[in-house]
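I would like the entire structure built from these sequences, with the hints used as guidance.
In our numbering, the protein residues as written are 1 to 244.
A hint or two may mislead.
[As the list claims (entries may be wrong)] Heads up, simulated DSS-like pairs for lysine-lysine below, C-alpha to C-alpha not over 27 Å straight-line:
1. Lys165 x Lys213
2. Lys63 x Lys95
3. Lys165 x Lys58
4. Lys144 x Lys107
5. Lys213 x Lys153
6. Lys173 x Lys95
7. Lys144 x Lys213
8. Lys58 x Lys71
9. Lys95 x Lys165
10. Lys107 x Lys153
11. Lys165 x Lys107
12. Lys165 x Lys153
13. Lys153 x Lys127
14. Lys95 x Lys58
15. Lys208 x Lys127
16. Lys138 x Lys107
17. Lys144 x Lys127
18. Lys127 x Lys213
19. Lys71 x Lys208
20. Lys58 x Lys173
21. Lys153 x Lys138
22. Lys208 x Lys138
Worth flagging that the hints you see were computed from the coordinates, not collected in a lab. Since we're looking at a predicted model, the values are computed, not measured.
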Amino acid sequence: MVARFAVKSRRAYLLMPWGRVGSNVLLSMFGDNPLVHVENEPLTVIGGKKSEPDLAQKSWYIKSISEDISKPVLLMNLSIRSILDHNFFLNELAKERGAEFIFLSRKNLAHIAFSVLKARHYAELHKARFGRETWAVKAGREIKAQTPVRISKFMELIDLIESDKIQFDTYRKRLGGVDIYYSDIQMSLSMVVEELCGRFDIPVPSSKPQFVKAITRPYEDEFEGYAELVEHISEVRPDLLRYF
Numbered sequence: 001m002v003a004r005f006a007v008k009s010r011r012a013y014l015l016m017p018w019g020r021v022g023s024n025v026l027l028s029m030f031g032d033n034p035l036v037h038v039e040n041e042p043l044t045v046i047g048g049k050k051s052e053p054d055l056a057q058k059s060w061y062i063k064s065i066s067e068d069i070s071k072p073v074l075l076m077n078l079s080i081r082s083i084l085d086h087n088f089f090l091n092e093l094a095k096e097r098g099a100e101f102i103f104l105s106r107k108n109l110a111h112i113a114f115s116v117l118k119a120r121h122y123a124e125l126h127k128a129r130f131g132r133e134t135w136a137v138k139a140g141r142e143i144k145a146q147t148p149v150r151i152s153k154f155m156e157l158i159d160l161i162e163s164d165k166i167q168f169d170t171y172r173k174r175l176g177g178v179d180i181y182y183s184d185i186q187m188s189l190s191m192v193v194e195e196l197c198g199r200f201d202i203p204v205p206s207s208k209p210q211f212v213k214a215i216t217r218p219y220e221d222e223f224e225g226y227a228e229l230v231e232h233i234s235e236v237r238p239d240l241l242r243y244f
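Here is the structure:
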């Protein structure tokens, strides 16, 4: 089967508005799959290391989709927040014929902000304990500690998340595709993987997820200052209370 697709792989794009939507858990199910080549959200790294970050992103993208991959599926994970030239990527992705577009998102905007804060705190703790910073929590490397919440930082994150969601919806409307939500992954990761494998026309992998949830306790126990944050939200953004 691999030899059959050796010249040109079928392309699939996992698009997400920001990180912290379950992509690590989902992609870990395909990372070791001999039939799938995963390009995992490299745009932030690429852009951050170059003097002309937007040009670097474009060059990487063109090179990646032009290379011959000896696997049936090229699965590219792109964070909309990381993209610097949306016109370029929208136009290029719109040219793709036969590609699968998967839109991975999360409905609870407050939980996204909490997840970002938890991930940043975890990265700091992980570096102190293991010598390397990482945002994703691997099984066996969980760190139980309350995460402090600064109200100003939380509100800043909410503004960014709402803005990025508007941009994300532009991609969804232009490209079309299948929607997958964080809640779907929580409910049944195996069903989500099975659906994607059906779209990729490959067997369902026997892999187990390498990553686990960073937040495992009620939010009021997980975050220091949670009650004060909810009180502030009720005063300045009561429309957000539905997420708490």
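Results of checking the hints against the structure:
Distance hint between lysine 165 and lysine 213 is fulfilled; the C-alpha atoms sit about 22 Å from each other, no more than 27 Å. Restraint check for lysine 63 and lysine 95: satisfied, since their Cα atoms lie roughly 16 Å apart, inside the 27 Å limit. For the proposed pair lysine 165 and lysine 58, the alpha carbon gap of about 22 Å is at most 27 Å, so the pair holds. Under the criterion of a C-alpha separation no larger than 27 Å, the hint pairing lysine 144 with lysine 107 is consistent with the structure, at around 26 Å.
Between lysine 213 and lysine 153 the alpha-carbon distance is near 22 Å, which keeps this suggested pair within the 27 Å criterion. The straight-line distance between the Cα atoms of lysine 173 and lysine 95 is roughly 15 Å, inside the 27 Å bound, and the hint therefore holds. Distance check on the hinted pair: lysine 144 and lysine 213 sit about 12 Å apart at the alpha-carbon level, within 27 Å; holds. Distance hint between lysine 58 and lysine 71 is fulfilled; the C-alpha atoms sit about 23 Å from each other, no more than 27 Å.
With a C-alpha separation of about 23 Å, the suggested pairing of lysine 95 with lysine 165 holds against the 27 Å cut-off. Distance check on the hinted pair: lysine 107 and lysine 153 sit about 20 Å apart at the alpha-carbon level, within 27 Å; holds. About 10 Å separates the Cα atoms of lysine 165 and lysine 107, which keeps this hinted pair within 27 Å; it holds. Of the pairs offered as hints, the one joining lysine 165 and lysine 153 holds, with about 18 Å between alpha carbons and a cut-off of 27 Å not exceeded.
The suggested pairing of lysine 153 with lysine 127 holds, with an alpha-carbon distance near 22 Å, which does not exceed 27 Å. Restraint check: the Cα-Cα separation between lysine 95 and lysine 58 comes to about 15 Å, which is no more than 27 Å; the hinted pair holds. The suggested pairing of lysine 208 with lysine 127 holds, with an alpha-carbon distance near 25 Å, which does not exceed 27 Å. Restraint check for lysine 138 and lysine 107: the C-alpha separation of about 24 Å stays at or below 27 Å, so the hint holds.
For the hint linking lysine 144 to lysine 127, the alpha-carbon distance of about 15 Å falls within 27 Å, and the restraint holds. Note on lysine 127 and lysine 213: the hinted pairing holds, with a Cα-Cα distance of about 18 Å set against a maximum of 27 Å. Taken as a hint, the lysine 71 and lysine 208 pair is honoured in the structure, with Cα atoms around 21 Å apart against an allowance of 27 Å. Pair hint lysine 58 plus lysine 173 holds up; C-alpha atoms about 22 Å apart against a cutoff of 27 Å.
For the given pair, lysine 153 sits about 26 Å from lysine 138 by alpha-carbon distance, which is consistent with the 27 Å threshold. Proximity of lysine 208 to lysine 138 is assessed by CA-CA distance (about 12 Å); at most 27 Å being required, the pair is judged to hold.
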